[in-house]
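J.: Listed below are the residues making up each chain.
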Amino acid sequence: MTSAQLEIQLIASLVAIACAIPGTFLVLRKMALISDAISHSILPGLVIGFFITHDLGSPLLIIMAALSGVITVVLVEFIQKTKLVKEDTAIGLVFPAMFSIGVILISKNANDIHLDTDVVLLGELAFAPFDRLLIDGMDFGPKSLWTIGVILLITLSLLFAFFKELKISTFDAGLATALGFSPVVLHYGLMSVASVTTVGAFDAVGAILVVALMIAPAATAYLLTDNLKKMLLLSVFFGVFSAISGYWLAHWLDASISGSMTTVLGMVFLLVYLFAPKRGLFSVLYRNKQQQVEVSLLTFLLHLNNHTEKSERHINHLNEHINWQKVRSKSVVDLALRNNMITIDKNIISLTEKGKSFTDKAIDYIITNDDSKIESIKEDFFLFRG
Amino acid sequence: MSFTEYFELLFNDYTLRTISLGTAILGAICGMLGSFAVLRKQSLLGDAISHAALPGIAIAFLITGTKETNVLLIGALISGLIGAFWIRGITRRTHLKSDTALGLILSIFFGFGMLLLTYIQKQPNANQAGLDKFLFGQAATLLARDVWFMATVTLVCLLVLLLFWKEFKILLFDADYAKTLGFNTKMIDILITSFIVLAIVLGLQTVGVVLMSAMLLAPAAAARQWTNSLGIMVVLAAVFGATSGVVGTAISASQNNLSTGPVIVLVAATFVILSFIFSPSRGLLFRQIRFIKNRKDLQLHKTLAFMFDIAKSHENISHPHAVKILNNFHGYTKKSLSKLEDKEYIRVEGLMWEMTEKGYDFALNLYNQQVEEND
Chain A
544 MTSAQLEIQL IASLVAIACA IPGTFLVLRK MALISDAISH SILPGLVIGF
594 FITHDLGSPL LIIMAALSGV ITVVLVEFIQ KTKLVKEDTA IGLVFPAMFS
644 IGVILISKNA NDIHLDTDVV LLGELAFAPF DRLLIDGMDF GPKSLWTIGV
694 ILLITLSLLF AFFKELKIST FDAGLATALG FSPVVLHYGL MSVASVTTVG
744 AFDAVGAILV VALMIAPAAT AYLLTDNLKK MLLLSVFFGV FSAISGYWLA
794 HWLDASISGS MTTVLGMVFL LVYLFAPKRG LFSVLYRNKQ QQVEVSLLTF
844 LLHLNNHTEK SERHINHLNE HINWQKVRSK SVVDLALRNN MITIDKNIIS
894 LTEKGKSFTD KAIDYIITND DSKIESIKED FFLFRG
Chain B
148 MSFTEYFELL FNDYTLRTIS LGTAILGAIC GMLGSFAVLR KQSLLGDAIS
198 HAALPGIAIA FLITGTKETN VLLIGALISG LIGAFWIRGI TRRTHLKSDT
248 ALGLILSIFF GFGMLLLTYI QKQPNANQAG LDKFLFGQAA TLLARDVWFM
298 ATVTLVCLLV LLLFWKEFKI LLFDADYAKT LGFNTKMIDI LITSFIVLAI
348 VLGLQTVGVV LMSAMLLAPA AAARQWTNSL GIMVVLAAVF GATSGVVGTA
398 ISASQNNLST GPVIVLVAAT FVILSFIFSP SRGLLFRQIR FIKNRKDLQL
448 HKTLAFMFDI AKSHENISHP HAVKILNNFH GYTKKSLSKL EDKEYIRVEG
498 LMWEMTEKGY DFALNLYNQQ VEEND
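Sequence order for the protein chains is A and B.
Going by this note's numbering, the first sequence opens with residue 544, and the numbers climb by one from there.
Going by this note's numbering, the second sequence opens with residue 148, and the numbers climb by one from there.
Don't read these hints as lab results, they were simulated from the structure.
If you're wondering where the values come from, they're calculated on a predicted model, not measured in any experiment.
Hints should not be assumed to be uniformly reliable.
Partial list, derived from the structure: chain A residues whose beta carbon lies under 8 angstroms from chain B [claimed, not checked]:
#1 M574
#2 L576
#3 T625
#4 K629
#5 S643
#6 G692
#7 V693
#8 A798
#9 S799
#10 T806
#11 V827
Straight-line distance between alpha carbons at most 25 angstroms, and here's what the computed SDA-like set of lysine to any residue pairs gives [as the list claims (entries may be wrong)]:
#12 B:K244 x A:I887
#13 B:K188 x A:A716
#14 A:K629 x B:T390
#15 B:K313 x B:V386
#16 B:K326 x A:L828
#17 B:K244 x A:L813
Backbone N, C-alpha and C define an ideal beta-carbon position, used for all residues, glycine too.
All chains should be modelled from the sequences, with the hints used to inform the complete structure.
T.: Here you go:
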């Protein structure tokens with residue numbers, strides 16, 4: 544591993560961490576798409592900044608870009624406040640317009656500008672180590688490492704300073720206001736951090752990867768935990784993991800680094816989406832199946848409870864009466880038998896003591912719809928768990 | 148090239164005519180289907196799907212090795228559909244919200260697509276150039292064949308829309324009701340989502356992945372401001388879309404170095420801004436005017452109510468009183484006084500005013516019933 548490779552991975556990891564932190568809050572606040580909007584609409588800011596300074600490395604570029612990010616947020620909120628369109632429409636209207644302005648500015652001045660729209664979308668992480676910070680001829684490492692390092696430092700210190708405020712205002716905006724934290728300040732603070740991070744990261748990894756790095760790790764972590772601190776740590780972990788393995792994937796395929804980082808993020812999300820212990824697709828489907836069986840069982844027991852006459856309780860009658868398929872009724876009857884809820888005597892089904900008391904409790908719950916009633920059933924039987 | 152020249156060329160020049168026709172059809176179909184997306188609060192679905200279509204294009208190229216637009220668009224269609232239904236899956240099966248799902252699918256698919264594109268670029272065969280036209284779109288590459296294809300799809304889409312109009316409408320405004328009526332809401336939902344994906348894929352070649360969502364949204368959002376009827380909104384959105392397509396093409400053709408996609412988007416955005424401001428019922432301008440007018444009416448009524456209180460204590464309601472007793476606090480200004488006089492609620496003679504019969508009746512009923520507006 545050469546030092547350039549090491550530097551690329553270091554930059555990528557720092558970007559991943561810097562993005563994961565605001566990303567977590569954006570996902571929790573249901574504002575994930577604002578990162579998409581910001582990443583597109585910083586383009587005109589960048590271009591205008593470049594017109595003024597004619598230097599791609601100038602800090603004015605970052606300031607202008609961050610400013611146009613914040614302007615986007617303000618515009619989106621202004622349109623939302625007019626109530627003329629829905630919130631998401633407001634986002635969808637603002638950023639393509641801003642991006643178009645940027646693209647037109649670039650293409651009109653294509654001759655004297657070294658901005659390429661491809662670079663804007665993709666970034667050039669591979670070249671990052673060649674743009675070095677030189678002070679008095681001393682080599683202090685790649686410039687983007689410093690940029691993103693400073694941004695990360697600011698983000699981290701803001702996170703530690705305002706963790707409590709952020710947490711409360713994210714989960715209970717009303718309480719936060721009542722306690723005297725200004726939701727406006729926190730909101731715009733978060734938006735500014737997101738803007739600055741987007742701009743800083745975007746230089747290295749491009750507009751789209753910034754969005755991926757903000758949303759994907761946080762979304763993946765959210766499938767695994769409900770705890771904010773754990774979620775932050777997990778998303779940082781996923782971000783760094785994909786940054787490093789994405790680099791090696793790109794190295795192996797000889798393709799875009801940011802593209803392959805995103806791909807790894809996607810695969811990690813897919814795995815978690817399918818296999819997460821509680822929220823994963825498979826466990827959700829399994830649980831739905833389970834609940835379906837349990838509800839069927841309950842229906843079946845209630846039916847038995849309602850009918851004393853033998854003809855209604857004949858095993859063959861059930862198929863037509865409750866309108867179930869044969870297999871399903873058989874599995875339900877088996878389940879009830881296994882749990883000693885029913886007895887079958889010459890094809891006539893009757894409730895046992897246990898089944899009777901269970902059914903009574905269930906009826907009680909259905910009538911009163913009182914949560915306390917269900918508690919005892921939960922403990923006694925498998926039915927209402929989870 | 149000036150505009151008149153452009154319109155002359157439009158009838159003579161084959162390429163320009165094709166492109167203008169193409170962007171107009173595209174704008175119309177996007178406006179039509181976009182109306183549904185906007186009303187279903189799926190505005191950003193278009194953005195996600197258009198980004199999600201990118202890997203499909205790359206994979207279609209990798210498999211077939213051709214740059215035939217239709218083949219690539221089929222790839223785009225498939226991966227767009229996968230993206231759209233994965234978004235549905237995420238929002239339904241997990242507790243992640245739709246914004247997260249959209250952003251996630253958008254960025255991941257796009258990143259994967261870019262990975263494939265850069266991978267293709269490094270391949271030894273030189274046939275790969277030009278795939279990136281799908282990023283920003285190149286209306287100039289539209290052929291008559293493409294336009295015919297677009298027109299056919301638009302026609303099919305229009306037919307389906309008319310055929311299932313009732314179902315679409317009811318699903319849009321009251322999904323639960325639609326379900327209780329026995330409509331297969333899932334199928335209708337899938338149908339409408341598929342058509343939105345189709346429209347997006349059609350537009351990729353012209354305006355590109357990044358700006359496609361605006362094509363879908365902007366005409367619909369503009370049309371929404373002018374009407375409360377779905378039918379009118381769909382037609383209006385189609386008109387707005389087609390107009391922005393044609394005007395955008397005209398502007399970009401009249402200048403050098405101006406790509407069509409962004410210009411069309413900006414024209415559509417102009418429509419939105421104009422609609423936001425000037426729409427008679429919802430627009431900001433008229434809203435403000437109404438607001439000011441209501442405030443003035445309130446002032447007027449305040450003065451009148453005060454006068455009424457004085458007048459009713461006299462036997463003759465038209466007993467004259469001094470203007471002096473009115474003051475600012477009661478909403479009195481010279482203007483409001485003359486306005487009241489104009490409406491014949493009072494008569495002013497010198498420094499005295501007296502209430503008329505009409506004014507007395509009006510004031511009596513001011514808070515009792517809805518008095519018809521007469522101005």
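J.: Indicate, hint by hint, whether the structure satisfies it.
T.: Each hint tested on the structure:
Because the smallest distance between the Cβ of M574 of chain A and any Cβ of chain B comes to about 7 angstroms, under 8 angstroms, the interface hint for this residue holds. Hint status for L576 of chain A: holds, given a least beta-carbon distance of 5 angstroms to chain B, under 8 angstroms. Because the smallest distance between the Cβ of T625 of chain A and any Cβ of chain B comes to about 6 angstroms, under 8 angstroms, the interface hint for this residue holds. Annotation: interface hint on K629 of chain A holds; nearest CB of chain B at approximately 5 angstroms, less than 8 angstroms.
Interface hint status for S643 of chain A: upheld, as the beta-carbon distance to the closest one in chain B is roughly 4 angstroms, under 8 angstroms. Given hint, G692 of chain A at the interface with chain B, is violated; its Cβ is 24 angstroms from that chain's nearest Cβ, farther than 8 angstroms. For V693 of chain A, the interface hint is violated, since its Cβ never comes within 8 angstroms of a Cβ in chain B; the closest pair sits about 25 angstroms apart. The criterion of a C-beta within 8 angstroms of any C-beta in chain B is met by A798 of chain A, whose closest approach is roughly 4 angstroms, and the hint holds.
Of the supplied interface hints, the one on S799 of chain A holds, with its beta-carbon coming within about 4 angstroms of a beta-carbon of chain B, less than 8 angstroms. Checking T806 of chain A against chain B by beta carbon gives a least distance of about 5 angstroms; that is within 8 angstroms, so the hint holds. Because the beta carbon of V827 of chain A sits about 5 angstroms from the nearest beta carbon in chain B, less than 8 angstroms, this interface hint is met. Proximity of K244 of chain B to I887 of chain A is assessed by CA-CA distance (about 48 angstroms); at most 25 angstroms being required, the pair is judged violated.
Distance check on the hinted pair: K188 of chain B and A716 of chain A sit about 23 angstroms apart at the alpha-carbon level, within 25 angstroms; holds. Between K629 of chain A and T390 of chain B the alpha-carbon distance is near 24 angstroms, which keeps this suggested pair within the 25 angstroms criterion. In summary, the hint linking K313 of chain B to V386 of chain B is supported, as the alpha carbons are separated by about 22 angstroms, within the 25 angstroms threshold. With a C-alpha separation of about 23 angstroms, the suggested pairing of K326 of chain B with L828 of chain A holds against the 25 angstroms cut-off.
With a CA separation close to 16 angstroms, the supplied pair K244 of chain B and L813 of chain A stays within the 25 angstroms bound.
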